[in-house]
Amino acid sequence: MKRILKITTTADRLLFLFLIIASVSGIFISRDALSQASEVSVEINGKQAYALSLDTDRTVALPGPYGNTVVEIRKRRVRVKEAHCPNLICVKQGWISRGVIVCLPNRIVVTVGGGRPPKNIDAITG
Amino acid sequence: MIAMNKNRTVLLLFLICGLSLASSCSRGSMSTYKKTKPLMDTVVSITVVSGSGAAADQAIDRAFAAIDRFGSLIDFFSDKSELTLINRNAGIKPTVVSPDTADVIEKAVSVSKRSWGAFDATIGPVSRLWDFHEKIRPDDGAIKKYLPLVGYRDIIIDRQKSTVFLRKKGMLMDLGGIAKGYAADLAVDSLRQAGIAAGIVAVAGDIRTFGTKPDGEAWNIGIKNPRQKGESDDVLAEIRLSGKAVSTAGDYERFFIEKGRRYHHLLDPKTGYPAEGCRSVTVIADRGVYSDAFSTAVFILGPEKGMSLLREAGMEGVIVDNNGTIRPTPGLKGRLKIEKNS
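Each protein sequence line maps, in turn, to chains A and B.
Position 40 of the first sequence, counting from 1, maps to 40 under the numbering used here, and the rest follow consecutively.
Position 198 of the second sequence, counting from 1, maps to 198 under the numbering used here, and the rest follow consecutively.
Don't read these hints as lab results, they were simulated from the structure.
There may be inaccurate statements among the hints.
Below, computed lysine to any residue pairings styled on SDA-like, alpha-carbon distance capped at 20 Å [stated by the list, open to error]:
1) B:168 / B:270
2) A:92 / B:41
3) A:81 / B:231
4) B:35 / A:50
5) A:47 / B:43
6) B:333 / B:311
7) B:35 / A:121
8) A:47 / B:57
9) B:80 / B:69
10) A:92 / B:231
11) A:92 / A:64
12) B:34 / A:39
13) B:35 / A:104
14) B:229 / B:321
15) B:35 / A:99
16) A:47 / B:34
17) B:168 / B:117
In isolation and in its complexed conformation, chain A is listed as follows:
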């Protein structure tokens, strides 16, 4: 250690320190960018009704104008298991591990992982 201190200048040491800080912050930045979806947000009529963990399997019944809509979380995936709306588009969508399921007649929006599409895409047209 003493030998290292002897052969390096203050500038060298500061440079090492800067490089270490840059590497450590790089780990945090990439971890944030690559993080997996972990939260399920359930909104009814634009207001958040539940914020649930994707890691805990459970079933939640949500009241609406067409009766109860049943949302199921299992094995880190989410689906609308049961609904009584006219089209049942939400049920037909099946399991998702990221993205949004919407039941317009019941005004329910289920979002997994902030609804952010994969690969750092900010929005999808189509």
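Chain B: place on chain A using the hints.
Just chain B now, with coordinates in the frame of chain A:
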């Protein structure tokens, strides 16, 4: 002399460290805030860049209210909307409407003219014969009977009196092909008035971007794969946009398949039947009202004529034809990142 150089190096390193810290601090002060709400019979998502969560929340709620207000004016299915009044008064008398209703109809007519009638908001009498959910295909006779009621030239707008009149009795105007893009524009105007300098408004697939992300990058927009099979192939291509609107018209939104043929909701106003030739059309324009209406128009025209329209209108776009070939306009070459798994 050596000591002086050493001091300079130390100073330089301190400056580098200081600058990187300062830049990370400035990035940290601005964040993105997103809210989603069901409006206009679809899902509306608004993302804004702001230094304050409370200010972002308030601005987004105001933008949602602007969309909701407009949506209630042009709701095809509501008894109380201005659009319903216009349709009820068809062939009878002009209807007094609010400036936004007159404006969106005026823009619909202008797109009809520019697209050689491929986009036509008076498709209502024919489109209501189809039921894509119940898989109902009207018979040829019914389509023939109602087709003469389709014609944008019979929309009479008087901006002085703020009235709209459909000349023939039985005409029906449906603004479904333009209203979501217009709503995205209204929301962006509202956000800007609230002091928001950057964000995205997505009224379903009609997206308007403004400003840049907190890191200074343009917004990354995915184009939906029209033949998506699973969760991993939902995006066909990506494009970076700032200050632009983008919309996609696709044959996968509302459709049914009968005897191997796909019947979808994008009806050709000249025939009354689904337009053939494209799977999806994505259009980039300065405003959502134009990206929305032109995406439908280009889809109706098909790949060749559609490409000509984009060229004449000075817009960029991507056409996915019936063979799945991705055809970008020349201006998008090199800017479009096509996904491998699509």
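Hint check:
no.	hint	verdict
1	B:168 / B:270	17 Å, holds
2	A:92 / B:41	18 Å, holds
3	A:81 / B:231	18 Å, holds
4	B:35 / A:50	15 Å, holds
5	A:47 / B:43	14 Å, holds
6	B:333 / B:311	14 Å, holds
7	B:35 / A:121	16 Å, holds
8	A:47 / B:57	12 Å, holds
9	B:80 / B:69	12 Å, holds
10	A:92 / B:231	14 Å, holds
11	A:92 / A:64	18 Å, holds
12	B:34 / A:39	15 Å, holds
13	B:35 / A:104	16 Å, holds
14	B:229 / B:321	18 Å, holds
15	B:35 / A:99	14 Å, holds
16	A:47 / B:34	13 Å, holds
17	B:168 / B:117	18 Å, holds
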